[in-house]
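S.K.: Let the hints inform the model, and build the full structure from the sequences given.
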Amino acid sequence: KQEVTQIPAALSVPEGENLVLNCSFTDSAIYNLQWFRQDPGKGLTSLLLIQSSQREQTSGRLNASLDKSSGRSTLYIAASQPGDSATYLCAVRRGGGGADGLTFGKGTHLIIQP
Amino acid sequence: EAGVAQSPRYKIIEKRQSVAFWCNPISGHATLYWYQQILGQGPKLLIQFQNNGVVDDSQLPKDRFSAERLKGVDSTLKIQPAKLEDSAVYLCASSIERLANHEQFFGPGTRLTVL
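Line order of the protein sequences matches chains A and B.
Residue numbers for the first sequence, in my numbering: 5 to 118.
Residue numbers for the second sequence, in my numbering: 100 to 214.
Just so you know, the hints here were simulated from the structure itself, not pulled from any lab data.
Here the structure is a predicted model, which is why all the values come from computation and not from measurement.
Be a bit skeptical, because a hint or two may be false.
[Said to hold, decoys possible] With a straight-line cut-off of 16 Å between C-alpha atoms, the simulated EDC-like cross-links for lysine to aspartate or glutamate are:
#, chain 1, residue 1, chain 2, residue 2
1, B, Lys143, B, Asp155
2, B, Lys143, A, Glu7
3, A, Lys72, A, Asp88
4, B, Lys177, B, Asp156
5, A, Lys5, B, Glu113
6, B, Lys182, B, Glu113
M.R.: As structure tokens, then:
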């Protein structure tokens with residue numbers, strides 16, 4: 005059974021810092037990995053999706069890497085801003101079709117202090 | 100393109116009552132998912148539909164939860180009777196196979212409080 009762990013569970017940093025969020029998964033047979041952002045009382049916003057054959061994806065100040073063989077992914081946020089405050093969720097997809105629901109970690113609650 | 104729609108956004112009921120949630124996926128998306136997110140946890144898959152057929156319901160508590168997707172478009176998730184531990188946000192997502200990465204798009208969720 006796939007298990008996804010996110011470290012740290014919570015993080016509070018001053019504005020402007022670069023930071024790294026970590027995600028690990030127990031079964032390396034994944035189709036892709038996705039990072040989401042969740043604001044309080046809201047749904048999930050997809051940030052980055054990395055296919056199993058890829059090593060990283062970038063979008064603006066965000067960079068996500070994937071090491072499938074070791075079961076690890078990191079989300080790098082450059083020059084953090086107060087608007088980045090949210091919960092960040094990592095999820096892995098087990099298949100490219102058929103039963104392919106996402107398995108999520110518990111998330112990292114991020115606070116960026118102005 | 101309109102996103103995934105869900106209603107109601109909030110629902111408060113007493114234990115042992117029944118409740119139903121509705122989801123309308125993105126137009127043309129054949130696959131629909133229901134997830135349960137308990138406070139402080141990541142979402143957990145309850146059921147996956149491909150068109151109007153069930154692909155995976157292995158984590159659905161079938162003694163009290165049911166879901167249907169008639170005509171392969173809208174879907175309804177029902178809880179009968181509700182328990183205190185069913186308090187959670189219920190998220191609906193959809194995807195389409197012609198997108199190579201099979202990305203899932205999520206709705207805003209329905210927040211259920213069971214008293």
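S.K.: Output the indices of the hints that this structure fails to meet, ascending.
M.R.: 3, 5
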